[in-house]
Amino acid sequence: MGKRGYDPKEKQSSTLSNARVLELMFDYNFAVQGLSVPVQPKPTTRRAVSQAQRRFGERAHISSSGESVFLCGKHVKTQEVVEDICIKLSNMLGIGEREALYKMTGIPELKPT
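For the sequence shown, our numbering gives the first residue as 1, with consecutive numbering after it.
Because the hints were derived from the structure by calculation, they are not lab data.
As the structure is a prediction and not an experimental result, all values here were calculated from the model.
Beta carbons are placed, not taken as given, at the ideal position from N, Cα and C, and that holds for glycine.
Check before you lean on any hint, since a few could be wrong.
[What the hints assert, rightly or not] The calculated EDC-like cross-link candidates involving lysine to aspartate or glutamate, where the alpha carbons are at most 20 Å apart (straight line), are:
(1) Lys88 <-> Glu109
(2) Lys42 <-> Glu99
(3) Lys42 <-> Glu23
(4) Lys42 <-> Glu80
(5) Lys74 <-> Glu99
(6) Lys103 <-> Glu80
(7) Lys111 <-> Glu58
(8) Lys74 <-> Glu58
(9) Lys42 <-> Asp27
(10) Lys77 <-> Glu58
(11) Lys111 <-> Glu67
(12) Lys103 <-> Glu23
[To be verified] Distance windows between CB atoms, simulated:
(13) Ile95 <-> Ser36: 14 to 24 Å
(14) Arg20 <-> Gln51: 28 to 38 Å
(15) Lys103 <-> Ala31: 26 to 36 Å
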């Protein structure tokens, strides 16, 4: 007996990659947040952090694991400043993440269908 209200044929996946999300955000003038002091990586995450720093700059706001970067910019519709938008650097975007990003940024391409 399955879970009530659960349809196994309905997948909770998105066809939008995080790389595409970064492209969209840069197209809409979002920028990588900066830090006054560079991220100090743990020995186990040094490689991932250094790769992200090479890509976005030494003082870019990168997670301590090196898997995410933080962006800031203006909401597309309301023009309010939005900060601390965390984007993973790999994998696909989840359905819930896509909806949350759309609400934070107002980017029409991120609107869930």
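Here is how each hint holds up against the structure:
{"no.": "1", "hint": "Lys88 <-> Glu109", "verdict": "holds, 18 Å"}
{"no.": "2", "hint": "Lys42 <-> Glu99", "verdict": "violated, 32 Å"}
{"no.": "3", "hint": "Lys42 <-> Glu23", "verdict": "violated, 28 Å"}
{"no.": "4", "hint": "Lys42 <-> Glu80", "verdict": "violated, 35 Å"}
{"no.": "5", "hint": "Lys74 <-> Glu99", "verdict": "holds, 17 Å"}
{"no.": "6", "hint": "Lys103 <-> Glu80", "verdict": "holds, 12 Å"}
{"no.": "7", "hint": "Lys111 <-> Glu58", "verdict": "violated, 32 Å"}
{"no.": "8", "hint": "Lys74 <-> Glu58", "verdict": "violated, 24 Å"}
{"no.": "9", "hint": "Lys42 <-> Asp27", "verdict": "violated, 32 Å"}
{"no.": "10", "hint": "Lys77 <-> Glu58", "verdict": "violated, 31 Å"}
{"no.": "11", "hint": "Lys111 <-> Glu67", "verdict": "violated, 24 Å"}
{"no.": "12", "hint": "Lys103 <-> Glu23", "verdict": "holds, 18 Å"}
{"no.": "13", "hint": "Ile95 <-> Ser36: 14 to 24 Å", "verdict": "violated, 36 Å"}
{"no.": "14", "hint": "Arg20 <-> Gln51: 28 to 38 Å", "verdict": "violated, 19 Å"}
{"no.": "15", "hint": "Lys103 <-> Ala31: 26 to 36 Å", "verdict": "violated, 20 Å"}
Violated hints, in rising order: 2, 3, 4, 7, 8, 9, 10, 11, 13, 14, 15; the structure is consistent with all others.
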